[in-house]
Amino acid sequence: MSEMKRKEEILVNISQVRKKKIVEKHGRLRPIFCGGCGHFAGLHAVYHMMSELGIENHQLVIVSGIGCSGRFPMFVNCYGFHGVHGRALPVALGVKLANPSLTVLVVGGDGDGLGIGGGHLPHAARSNVDITYILLDNSIYGLTKGQVAPTTPSGDVTSTTPYGNPSRPLDPVKLSLVHGATFVARGFSGRPDELNAIVVEAVKHRGFSLVQVLSPCVTFNRNETYEKYYEMTEPLPGERDLTDWDQAMKFASAGEKIYTGIFYQKPGVKTLDEFCVGVIRKVGEFDDGRITGSLSGKVENGEGKVVE
Amino acid sequence: MSEMKRKEEILVNISQVRKKKIVEKHGRLRPIFCGGCGHFAGLHAVYHMMSELGIENHQLVIVSGIGCSGRFPMFVNCYGFHGVHGRALPVALGVKLANPSLTVLVVGGDGDGLGIGGGHLPHAARSNVDITYILLDNSIYGLTKGQVAPTTPSGDVTSTTPYGNPSRPLDPVKLSLVHGATFVARGFSGRPDELNAIVVEAVKHRGFSLVQVLSPCVTFNRNETYEKYYEMTEPLPGERDLTDWDQAMKFASAGEKIYTGIFYQKPGVKTLDEFCVGVIRKVGEFDDGRITGSLSGKVENGEGKVVE
Amino acid sequence: MARRQITIQTCGGAGDGSVATGALIARAAVKLGYSVLVYDTFPAEIRGFGKTISEVRVSVEEVTARADAVDVLIGLNNVFAIEQIKTLAEDAVIIYDSLPGITVKESESVPHFAGNYMSPYGVPLEHTAQRVTGRKLGKNVVAVGFLAKLLGLPKEPFHQVLKELFLRKGEKVLSQNIALFDEGYAYEEVEYRLIELEKAPPPGEERVIISGNDAMTRAAVNASLAVFAGYPITPASKLMENLAKELPRYGGIVVQTEDEIAAIGAVTGAWFAGKRAMTATSGPGLSLMSEIINLGVMTETPLVIVNAMRGGPSTGLPTKVEQADLNIALWGGHGDSPRVVLAPTNIAESYAVLQDAFDVAEKYQTPVIVLTDKFIAMSHTSVPASILEEKRGSTRLEYTGPPEAYRRFAITETGVSPWVVPGTPGISYTTSGLEHDETGAPGYDVPNHVAMTEKRFRKFRAMLGDLPAPVFEGPEDGKNLVVSWGSSFGAVEEGVKRLWNDGYSIRLCKMTTIFPQHEDVMRGAFERAEKVIVVEQNRFGQLAKFLKGYYGISADEVHLPGGEPPSPGEVTEAVKERLLV
Amino acid sequence: MARRQITIQTCGGAGDGSVATGALIARAAVKLGYSVLVYDTFPAEIRGFGKTISEVRVSVEEVTARADAVDVLIGLNNVFAIEQIKTLAEDAVIIYDSLPGITVKESESVPHFAGNYMSPYGVPLEHTAQRVTGRKLGKNVVAVGFLAKLLGLPKEPFHQVLKELFLRKGEKVLSQNIALFDEGYAYEEVEYRLIELEKAPPPGEERVIISGNDAMTRAAVNASLAVFAGYPITPASKLMENLAKELPRYGGIVVQTEDEIAAIGAVTGAWFAGKRAMTATSGPGLSLMSEIINLGVMTETPLVIVNAMRGGPSTGLPTKVEQADLNIALWGGHGDSPRVVLAPTNIAESYAVLQDAFDVAEKYQTPVIVLTDKFIAMSHTSVPASILEEKRGSTRLEYTGPPEAYRRFAITETGVSPWVVPGTPGISYTTSGLEHDETGAPGYDVPNHVAMTEKRFRKFRAMLGDLPAPVFEGPEDGKNLVVSWGSSFGAVEEGVKRLWNDGYSIRLCKMTTIFPQHEDVMRGAFERAEKVIVVEQNRFGQLAKFLKGYYGISADEVHLPGGEPPSPGEVTEAVKERLLV
Ligand SMILES: Cc1ncc(C[n+]2csc(CCOP(=O)(O)OP(=O)(O)O)c2C)c(N)n1
Ligand SMILES: Cc1ncc(C[n+]2csc(CCOP(=O)(O)OP(=O)(O)O)c2C)c(N)n1
Ligand code: SF4
Ligand code: SF4
Ligand SMILES: [Mg+2]
Ligand SMILES: [Mg+2]
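Protein chains in written order, with numbering that gives the first Met the number 0: chain A, 0 to 307; chain B, 0 to 307; chain C, 0 to 580; chain D, 0 to 580.
It should be emphasised that the hints constitute simulated quantities derived from the structure, not laboratory data. Some clues are possibly wrong.
[As the list claims (entries may be wrong)] Cβ pair distances, simulated, as ranges:
#	chain 1	residue 1	chain 2	residue 2	range
1	A	D192	B	P152	40 to 50 Å
2	D	G568	C	R457	25 to 35 Å
3	B	K269	C	R3	57 to 67 Å
4	B	G277	C	G133	41 to 51 Å
5	D	P424	C	S553	53 to 63 Å
6	D	S393	C	S553	36 to 46 Å
7	B	K227	A	S252	29 to 39 Å
8	C	A409	B	R205	50 to 60 Å
9	D	E412	C	T413	47 to 57 Å
10	B	V282	C	E388	18 to 28 Å
We put the CB at the ideal spot given by N, CA and C, even for glycine.
The whole structure should be built from the sequences, with the hints applied where relevant.
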């Protein structure tokens with residue numbers, strides 16, 4: 000099937016999803032992505048997830064950095080924080096810790112998340128803070144018009160690698176497995192139904208969940224196309240033990256194929272927010288573990304006591 | 000064997016190494032590490048490597064960040080750069096690209112390398128720049144007196160986790176395997192001979208090499224002790240195919256044991272410095288691929304031509 | 000009467016070729032001996048949305064500022080053209096697209112919205128293109144043909160530019176474009192020349208059209224740059240992209256790092272190893288580099304950082320211009336952290352200033368921040384080709400004593416210590432961001448810290464002779480001293496010229512070197528003036544506050560924030576009311 | 000004549016217990032009604048090397064500065080004691096360790112090095128300890144016993160402090176310590192009281208000894224802090240460590256993040272979600288936070304950042320003090336990026352100032368940087384327990400209109416927009432670091448940017464009433480106006496008092512709120528004074544240059560860099576020569 004046909008198919012798919020009365024999930028602004036941009040599918044997966052899980056608009060916070068993908072929260076009818084490049088995860092951590100009752104999503108690009116922001120992913124994952132990270136991976140810097148990204152394959156020519164990309168690409172699936180994420184998945188904008196389902200599961204998961212979305216940039220990346228991914232991707236086999244880390248890593252590092260689906264899911268691991276609430280419950284004056292900061296606080300201090 | 004005895008043994012070992020006429024490798028300043036600190040063994044492994052490989056003092060550059068481990072270059076008779084916290088890898092990259100004929104080491108702590116500097120490791124590794132990274136891992140922030148580190152086990156009580164560490168630790172061996180490092184190893188300060196041998200191999204390797212050193216902090220970490228590591232570590236079995244990534248990952252993620260030795264080594268992968276020199280050789284006016292920046296340069300520009 | 004300068008604006012949607020139109024006009028004008036300034040405005044940051052505008056100022060004299068208003072509008076899209084009308088000169092000429100046979104509702108037509116004194120010309124742009132090429136593409140070339148005729152310019156240079164552009168795409172493409180142009184040129188006999196351009200002096204030396212990013216690309220290559228490390232950001236990305244291609248030809252390397260911290264880290268390492276290195280960024284990236292720039296100050300490692308300013312704070316206005324990063328450039332380091340801050344005022348100047356940056360950084364072992372902005376970095380102008388040829392090389396202070404006596408941070412009279420680089424036999428040292436003694440070993444005692452701090456400050460006096468001194472224009476005894484910097488200086492200069500004509504007594508000062516200060520010169524200038532007025536494009540009055548603080552003087556501040564380069568008219572307006580007469 | 004204040008310095012190697020000695024003296028002194036200031040100096044950053052010094056200033060009056068010189072030295076290690084002699088007062092008393100039966104070479108003995116007017120007392124410290132406890136430990140308690148006798152202080156309060164310290168370690172440990180103290184007390188009849196302390200007024204209200212880090216711990220808890228995110232760095236780490244333990248007791252959370260960028264990011268997120276949050280760092284960390292603090296300015300997100308200054312630039316002098324981070328605090332953001340900068344001048348003040356920071360940050364939706372330094376953060380002083388009790392809570396400007404009319408960045412007269420937090424039904428918005436319109440949607444046009452910039456600046460006028468105004472001392476018509484800030488203010492105040500005694504005409508100004516400026520007050524003060532002198536502990540003259548630039552005035556700058564807190568004597572010295580008489 001030609002790339003154009005594929006794209007049309009996606010748009011039809013999307014329009015069907017749209018019909019599902021999720022218009023009230025749309026943000027005030029209309030998406031400014033180029034026509035055919037893979038990021039549309041990510042956006043619709045979030046609309047879908049909201050209606051599927053009955054998450055009300057005001058209960059959702061989407062945090063993003065900078066990039067085409069960074070504009071995401073503006074297109075969703077929820078609370079959004081469009082911060083600086085690469086720092087969405089720490090901001091989301093703060094949101095979740097301050098108010099664990101909110102559903103917190105992070106959305107961002109490959110440059111945002113694995114380049115400039117790459118230092119934060121390991122720690123968000125290993126803390127198992129209960130947020131969902133949707134990484135819209137187009138293997139290019141879209142917003143700045145086509146520079147090499149951390150997921151760009153070796154040898155690719157981009158505006159800053161005119162003689163080819165000297166480095167080997169990073170794989171967020173393998174990375175987050177090693178970081179200790181408790182939910183790791185990959186979707187593809189060209190298969191919106193699968194992506195929708197993955198995002199629903201990711202948000203349902205208690206703990207840190209990562210969803211890499213293969214999300215072609217139709218304007219600046221002529222290599223990582225829908226075409227290529229239709230050929231190279233394959234859904235993971237069903238009926239697996241999702242808690243088997245070794246197996247997940249095996250599928251993730253199977254050279255020939257790019258698998259999509261849920262690689263790994265380990266439920267029941269204490270999340271950072273649960274941990275914090277637990278500590279408050281244990282030592283706090285309030286036994287309900289509310290995160291508030293307290294006005295009734297009285298700090299112990301003996302007379303004439305050197306506190307330090 | 001009691002911890003004290005172990006420590007004495009190490010010191011004896013170290014003093015034997017010292018005898019090997021490597022005194023001329025000592026820096027102007029004498030090490031300020033606490034007695035028994037694991038970092039001593041790392042230091043001696045570098046002295047040993049220099050004499051073993053016949054690397055002359057002026058050919059070696061050691062770059063470090065901040066930490067007890069960060070003081071390292073001052074204790075070696077070579078060129079050293081003791082920069083800011085967490086940024087040793089980028090600085091080392093600059094050194095190596097500017098002058099590929101230098102041998103470049105990075106030495107730093109677990110906080111320096113996996114906490115604040117954790118965003119740089121993936122990219123140094125995947126670029127395969129020809130430097131050796133010795134990560135002195137004591138699972139604690141030594142210099143600032145005992146805060147939790149990225150490699151601190153879950154539950155450990157430290158000065159900033161009085162109710163226990165809520166996060167799961169990172170493992171630099173697994174990380175760098177996934178980042179695409181072409182040489183990945185682990186040593187232990189309590190087995191200096193093995194460590195010495197590993198560091199020699201790491202420096203000999205052309206490409207990015209990572210050596211994690213289990214390097215107990217005897218002053219601020221009462222959990223990750225020599226004792227513990229004598230019990231838990233075990234040298235990797237010999238006679239393996241070092242280029243087998245899957246096997247390396249298997250050993251690295253074998254829960255019960257902490258293996259030491261060389262997990263993975265893939266020779267012959269083009270290094271970033273080779274790549275750059277190659278590009279210059281291909282397109283440059285000089286065919287020897289020297290990295291100089293040129294005085295004879297003349298930029299093409301047609302008459303009245305819009306260059307941008 | 001023929002005008003000495005005319006500004007032509009082209010507006011259109013994505014794919015209409017507004018930018019190409021501007022380039023075509025500019026190149027032909029340069030062939031005719033005119034000076035040009037091309038200012039492009041892009042819509043949102045993502046492709047395919049909104050209005051793109053290209054503005055070409057064509058002048059008999061050198062131009063470095065935008066004009067007060069647009070004299071000719073080429074509307075490739077009529078809806079956008081109507082929006083632009085408010086920005087035009089009262090008597091502007093409007094070239095818009097008319098469709099023969101189709102009548103547009105009067106109330107929606109371009110002429111309906113045009114001002115009373117404007118002259119709208121409907122030209123069948125798209126229709127002609129369709130007829131000539133069978134496609135809609137090329138309507139902009141028709142418009143340029145008509146424009147040339149309107150202004151009374153010969154066909155020749157336009158044909159030549161089309162040849163340069165399209166010959167490589169084949170004879171057919173070229174001849175079609177020539178035909179498009181000629182159709183436009185022939186469209187209608189323009190009887191009364193409503194707008195006429197004075198003839199330019201015959202073209203003298205060879206001139207090229209370049210942007211600031213282009214000029215700096217060439218400056219860096221010709222200053223022996225060996226390592227460029229950077230991270231993309233508007234409006235600086237193009238400099239890295241240019242160098243990525245060019246630099247390896249001259250034995251240099253370009254790496255895109257994972258972020259700006261790594262970029263400045265790699266630049267630090269490369270200089271430490273003895274090679275010339277640089278990075279380029281914009282405000283957000285400069286913020287991230289703060290810590291390592293400061294490390295450069297303490298370790299006396301040269302650094303060259305180009306910071307192309309855009310509107311702030313934070314992500315701000317990524318495609319707009321402001322000169323508001325002076326504060327962070329000067330003061331963005333914790334502790335007492337002096338660094339060189341230079342700011343060229345136009346595209347041509349950016350070449351020499353960047354080369355000075357390399358020389359001073361290396362000779363005095365100090366970070367140098369070069370502030371440009373979106374206007375300089377991404378606008379284009381015509382400059383003599385010869386000014387892009389100067390070459391520079393190492394200015395390192397060599398060590399000549401015996402190896403064993405070498406001290407990396409030896410305290411000297413100038414504050415500069417001889418510098419031996421890694422790889423040199425017989426010597427070793429560790430450079431540290433900790434306060435250190437002469438050998439580089441940590442040293443925290445009071446006398447050492449005081450002596451080392453003084454050493455680090457002393458260098459900034461020693462280097463003054465190597466840095467561009469403030470340039471003055473106008474009467475030395477001018478009552479008013481107007482000081483300005485950055486790309487808005489062009490508008491300030493033009494504005495002040497008008498005020499001179501109006502009889503005001505003004506001395507004008509262009510400040511390119513902002514730190515260190517040419518103190519004697521400036522103190523003298525401040526003393527002679529009765530009133531000081533500092534004009535700049537930011538809200539804080541950043542240079543003004545710095546000068547006032549540095550010299551303990553009082554001065555009027557003129558702030559021109561907003562995101563667009565100020566025009567000379569705005570400057571006269573704002574300055575006039577503060578002048579002593 | 001009995002003195003109104005005495006400074007006792009204890010020096011020793013690792014394990015000698017210098018710091019514990021200082022604490023013991025200080026606590027007993029407080030029980031006796033004295034004010035104390037405890038200033039500890041640590042050696043290199045890693046344990047076990049070099050000299051540790053604890054200096055206790057004991058005074059009948061409130062003290063906030065170090066003394067000019069040390070009156071009594073307790074040498075727990077004689078080599079170090081000899082090194083310290085040069086820092087002592089001419090007539091100092093030295094208590095050093097003598098070993099009965101062992102004669103030290105005359106030329107290596109402490110008395111040999113002591114000045115002519117000094118009185119060295121050899122006391123068998125270690126020997127006594129050995130005898131009483133069977134171990135060397137405890138020699139410092141012997142020394143304190145001797146000191147108490149020397150100064151004519153009663154045993155009682157010392158016994159009581161020992162009880163508080165050691166009872167939990169068991170009766171035996173306690174009784175040993177009491178015995179050690181008593182042995183020292185009884186060691187030798189001191190016949191002529193060489194040094195005597197005036198009796199303190201009877202202790203009034205309850206007083207506690209705390210450090211700045213401690214005071215801020217309590218201030219934060221009592222200001223309803225919900226989320227602390229931080230990364231360790233000297234001298235701020237202790238604040239995080241304290242809070243890690245304390246905060247959960249009051250429903251708050253502490254996380255150590257992977258770096259300072261993540262810390263300030265998490266603080267941003269927590270405030271965005273509507274909870275009070277803060278971080279604490281020092282210069283290098285503040286540099287890294289630049290970009291996100293600036294995001295807070297643009298997104299109008301409150302932030303509270305404590306920056307405990309140390310010597311710079313770069314890693315600098317991590318265990319020393321300087322007030323040199325004012326520039327980066329004020330100007331460390333790119334673009335026009337105003338933020339609140341507060342600086343308490345002493346430990347007690349740091350409590351209220353931090354609480355103000357929370358209130359102002361939340362009410363005006365702005366980042367607030369609170370500058371302390373190593374002297375404030377890590378020294379200890381006695382303060383009335385009652386000043387640590389004040390509680391603060393939400394100051395958020397609520398929105399009362401209909402949900403559909405809500406605009407997150409509504410332009411108001413004060414510049415402050417009503418603030419609805421995530422989780423509130425019926426409303427949604429996205430906060431962006433891009434320039435935006437009232438709804439939060441990106442908006443780059445000139446009028447919008449100008450209006451929003453003005454809004455962001457306007458807030459800073461509105462908040463002045465909620466921030467500590469400058470405090471003046473001395474004659475309102477003083478010829479000289481001395482302005483100072485930060486922890487060196489204590490020494491400046493004491494120094495100025497001496498100059499008053501010498502008859503100089505000085506008005507003293509303490510500046511705690513540095514940005515925004517209480518402009519009317521200050522302008523008045525500058526106008527009244529004939530001369531302005533700004534005194535501070537940095538090389539640039541950072542506050543001086545800021546005030547000169549802000550007000551367009553001239554002023555003399557007094558710089559006191561070096562790494563150690565200045566003493567009142569240094570201040571009088573430096574200021575005197577600049578005074579108008
Ligand atoms: C600190 C900083 N550096 C650089 C930039 C410029 N910038 C904006 S988006 C971007 C990269 C976008 O790529 P990616 O994250 O992959 O998102 P995409 O546009 O591809 O969705 C860059 C470099 C910035 N805004 N801030
Ligand atoms: C930007 C910055 N943040 C924090 C610090 C303070 N600091 C110095 S060393 C260190 C951590 C040291 O731990 P590690 O890297 O594990 O080294 P170790 O001392 O354990 O060898 C910290 C937080 C700093 N110097 N700079
Ligand atoms: S530039 Fe690429 S990533 Fe950005 S919106 Fe367009 S297609 Fe999508
Ligand atoms: S504090 Fe720990 S890491 Fe640092 S020198 Fe001492 S033992 Fe080593
Ligand atoms: Mg991308
Ligand atoms: Mg460590």
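Hint by hint, here is what the structure shows:
| no. | hint | verdict |
| --- | --- | --- |
| 1 | A:D192 - B:P152: 40 to 50 Å | holds (42 Å) |
| 2 | D:G568 - C:R457: 25 to 35 Å | holds (28 Å) |
| 3 | B:K269 - C:R3: 57 to 67 Å | holds (58 Å) |
| 4 | B:G277 - C:G133: 41 to 51 Å | holds (47 Å) |
| 5 | D:P424 - C:S553: 53 to 63 Å | holds (54 Å) |
| 6 | D:S393 - C:S553: 36 to 46 Å | holds (42 Å) |
| 7 | B:K227 - A:S252: 29 to 39 Å | holds (31 Å) |
| 8 | C:A409 - B:R205: 50 to 60 Å | violated (37 Å) |
| 9 | D:E412 - C:T413: 47 to 57 Å | holds (55 Å) |
| 10 | B:V282 - C:E388: 18 to 28 Å | holds (21 Å) |
Violation of the numbered hints given earlier is confined to hint 8; every other hint is satisfied by the structure.
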